[in-house]
Amino acid sequence: MRESSAAEILPVAVTVNGQVFWWTPTNGLDASVVAQVEGWIQRRAESYLPAAIMRGLDRDDLLQEGRSGALKAARDYDPAFGAGYLSYADHWIRQAMRAALGRSHDVYLAKRARQQAVKDGELPLVLRLDAHLRDEDAALSDLLPAAQPDPQDQAEQAERESALRRALNRLEAIARFMGFIDARRGRCIPFWLPTYSRDMEQSQDASASDLSVRIRNVLYSTHIVQHHNRCDLAFYPLAGAPIFRRITGSAPGGMDHEWITLDQSFGQARATSDWRCISYLSFVRLDQDSLRMVWETDDLLRASFRVKEVLL
Numbered sequence: 001m002r003e004s005s006a007a008e009i010l011p012v013a014v015t016v017n018g019q020v021f022w023w024t025p026t027n028g029l030d031a032s033v034v035a036q037v038e039g040w041i042q043r044r045a046e047s048y049l050p051a052a053i054m055r056g057l058d059r060d061d062l063l064q065e066g067r068s069g070a071l072k073a074a075r076d077y078d079p080a081f082g083a084g085y086l087s088y089a090d091h092w093i094r095q096a097m098r099a100a101l102g103r104s105h106d107v108y109l110a111k112r113a114r115q116q117a118v119k120d121g122e123l124p125l126v127l128r129l130d131a132h133l134r135d136e137d138a139a140l141s142d143l144l145p146a147a148q149p150d151p152q153d154q155a156e157q158a159e160r161e162s163a164l165r166r167a168l169n170r171l172e173a174i175a176r177f178m179g180f181i182d183a184r185r186g187r188c189i190p191f192w193l194p195t196y197s198r199d200m201e202q203s204q205d206a207s208a209s210d211l212s213v214r215i216r217n218v219l220y221s222t223h224i225v226q227h228h229n230r231c232d233l234a235f236y237p238l239a240g241a242p243i244f245r246r247i248t249g250s251a252p253g254g255m256d257h258e259w260i261t262l263d264q265s266f267g268q269a270r271a272t273s274d275w276r277c278i279s280y281l282s283f284v285r286l287d288q289d290s291l292r293m294v295w296e297t298d299d300l301l302r303a304s305f306r307v308k309e310v311l312l
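Going by this note's numbering, 108 is the number at position 108 of the sequence shown; the sequence numbering is gapless.
Hints may be right or wrong, so weigh each one.
What the hints assert, rightly or not - Pair by pair, the computed Cβ-Cβ distance ranges are: (1) K72 to L193: 54 to 60 Å; (2) E156 to L311: 55 to 61 Å; (3) L171 to Q268: 30 to 36 Å; (4) A173 to D60: 50 to 56 Å; (5) S87 to Q152: 52 to 58 Å; (6) D210 to R276: 17 to 23 Å; (7) A303 to K72: 42 to 48 Å; (8) E161 to G82: 49 to 55 Å; (9) T248 to R187: 28 to 34 Å.
What the hints assert, rightly or not - Mimicking SDA-like on lysine to any residue, the simulated pairs with C-alpha atoms at most 25 Å apart in a straight line are: (10) K308 to D289; (11) K308 to H227; (12) K308 to F235; (13) K308 to R184; (14) K72 to E46; (15) K308 to C188; (16) K72 to G84; (17) K308 to F191; (18) K308 to R230; (19) K72 to S87; (20) K308 to S197; (21) K72 to G102; (22) K72 to D60; (23) K308 to L286; (24) K72 to H91; (25) K308 to M293; (26) K308 to R292; (27) K72 to L101; (28) K308 to P190; (29) K308 to A234; (30) K308 to N229; (31) K72 to E38; (32) K308 to D232; (33) K72 to R94; (34) K72 to A51; (35) K308 to T195; (36) K308 to I181; (37) K308 to C277; (38) K308 to D287; (39) K308 to I174; (40) K308 to H228.
In case anyone wonders, no lab produced these hints; they're calculated from the structure. For each residue, glycine too, the CB sits at the ideal point set by N, CA and C.
Could you put together the complete structure from these sequences and hints?
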């Protein structure tokens, strides 16, 4: 391949009214600068040559790609960029060579797949596919052998699809959570936040119409009741959505229990073993607009952010 001279890098094709003219940029470049760019192209080609050989390219291919990058740099360069032309051209030279290596890598992989097919005894199918590419009237389905699906492959495919559905559900849940937080940024919009702790424990089964619930003694009726922000509860059942209730009254019981009165009954009988936990609801606002999110496991994302309690 004949190498281009320095002067061949500078001209740029410009189309005016449908006619092509060759124009030399008037952005301060001269032949000596372009000659230095040619030297850079040579050095970059040498550095990328081992990778190029593995992908079926040679030195001349790299030189041609490098010169195309230098031509783009000569066409687009403006001293107002704040960088010298040589640095600007080197960027586009490397970009052009890397792009060529990437395209060649795809071809290289295709060749490797064909070689593997020959090694595995699947050459007839590969040859039929080659024939299909040359025959536009051929049906691709006619080239594939009729075979029963492998149960193991079906199971693996089902597992992959299930994993994908779980991942999409997690992304949707994360998007909803981030939307909730974004709407409350600025530290001015309060919201209810459970403590997610076992703050109370029901100690006696409750009927569907009971408003009074017996709980283990946590000194609510004598001490905690004075805190106005400890009147709202979140009941988390073992299955289903949480139930939110407000405490309207309380009374001491024995040494091991006390009573609280709720604003509304549960609507169905509730045993002591029905709850995962009973937590206080705190009325809070964001104390900072940033939050930290860490994946604890593949299915558990922990979000940490600071809040400040708002007195009711």
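Quick rundown of the hints versus the structure:
Look at K72 against L193: about 55 Å separates their beta carbons, and that is inside 54 to 60 Å. Separated by about 56 Å at the C-beta atoms, E156 and L311 satisfy the suggested range of 55 to 61 Å. Restraint check, L171 to Q268: a C-beta distance of roughly 35 Å satisfies the suggested window 30 to 36 Å. Separation of A173 from D60 is about 55 Å and conforms to the stated range, judged on CB atoms against 50 to 56 Å.
Remark: the range hint 52 to 58 Å for S87 to Q152 is upheld by a beta-carbon distance near 55 Å. Checked against the hint of 17 to 23 Å, the C-beta distance between D210 and R276 comes to roughly 20 Å, which is consistent with it. At roughly 46 Å, the beta carbons of A303 and K72 sit within the given window of 42 to 48 Å. Distance hint check: the CB atoms of E161 and G82 are about 51 Å apart, consistent with the given range 49 to 55 Å.
Separation of T248 from R187 is about 31 Å and conforms to the stated range, judged on CB atoms against 28 to 34 Å. Taking the CA atoms of K308 and D289, the gap is about 12 Å. The hint holds against a cut of 25 Å. For the hint pairing K308 with H227, the CA-to-CA distance comes to about 16 Å; that is within 25 Å, so the pair holds. Taken as a hint, the K308 and F235 pair is honoured in the structure, with Cα atoms around 23 Å apart against an allowance of 25 Å.
For the given pair, K308 sits about 13 Å from R184 by alpha-carbon distance, which is consistent with the 25 Å threshold. A hinted pair counts as satisfied when its Cα atoms are at most 25 Å apart, and K72 with E46 qualifies at roughly 21 Å. Taking the CA atoms of K308 and C188, the gap is near 11 Å; set against the 25 Å cutoff, the hint holds. The straight-line distance between the Cα atoms of K72 and G84 is roughly 15 Å, inside the 25 Å bound, and the hint therefore holds.
Straight-line distance between C-alpha atoms of K308 and F191 comes to about 11 Å, which keeps the hinted pair within the 25 Å bound. Distance hint between K308 and R230 is fulfilled; the C-alpha atoms sit about 15 Å from each other, no more than 25 Å. Restraint check: the Cα-Cα separation between K72 and S87 comes to about 13 Å, which is no more than 25 Å; the hinted pair holds. For the given pair, K308 sits about 18 Å from S197 by alpha-carbon distance, which is consistent with the 25 Å threshold.
Simply put, K72 and G102 have alpha-carbon atoms about 19 Å apart, close enough for the 25 Å limit, and the pair holds. At most 25 Å may separate the alpha-carbon atoms for a hinted pair to count; K72 and D60 meet this at roughly 19 Å. The hinted pair formed by K308 and L286 meets the criterion: a straight-line CA distance of about 6 Å does not exceed 25 Å. Among the hinted pairs, K72 with H91 is consistent with the structure: their alpha-carbon atoms are about 11 Å apart, no more than 25 Å.
Proposed proximity of K308 and M293 is supported: the alpha carbons are some 19 Å apart, at most 25 Å. With a CA separation close to 17 Å, the supplied pair K308 and R292 stays within the 25 Å bound. Proposed proximity of K72 and L101 is supported: the alpha carbons are some 18 Å apart, at most 25 Å. Restraint check: the Cα-Cα separation between K308 and P190 comes to about 9 Å, which is no more than 25 Å; the hinted pair holds.
With a CA separation close to 19 Å, the supplied pair K308 and A234 stays within the 25 Å bound. Distance check on the hinted pair: K308 and N229 sit about 12 Å apart at the alpha-carbon level, within 25 Å; holds. Restraint check: the Cα-Cα separation between K72 and E38 comes to about 14 Å, which is no more than 25 Å; the hinted pair holds. Straight-line distance between C-alpha atoms of K308 and D232 comes to about 17 Å, which keeps the hinted pair within the 25 Å bound.
For the hint pairing K72 with R94, the CA-to-CA distance comes to about 12 Å; that is within 25 Å, so the pair holds. As the CA atoms of K72 and A51 are separated by approximately 24 Å, the hinted pair is consistent with the 25 Å bound. Our distance criterion of 25 Å between C-alpha atoms is met by K308 and T195, whose separation comes to about 13 Å. This hinted pair checks out: K308 and I181 have alpha carbons roughly 14 Å apart, not beyond 25 Å.
For the hint linking K308 to C277, the alpha-carbon distance of about 23 Å falls within 25 Å, and the restraint holds. Distance restraint check for K308 and D287: the Cα-Cα separation of roughly 6 Å lies within the 25 Å cut-off, and the hinted pair is therefore satisfied. In summary, the hint linking K308 to I174 is supported, as the alpha carbons are separated by about 23 Å, within the 25 Å threshold. Proposed proximity of K308 and H228 is supported: the alpha carbons are some 15 Å apart, at most 25 Å.
Going down the numbered hints, you'll see the structure goes against none, and every one checks out.
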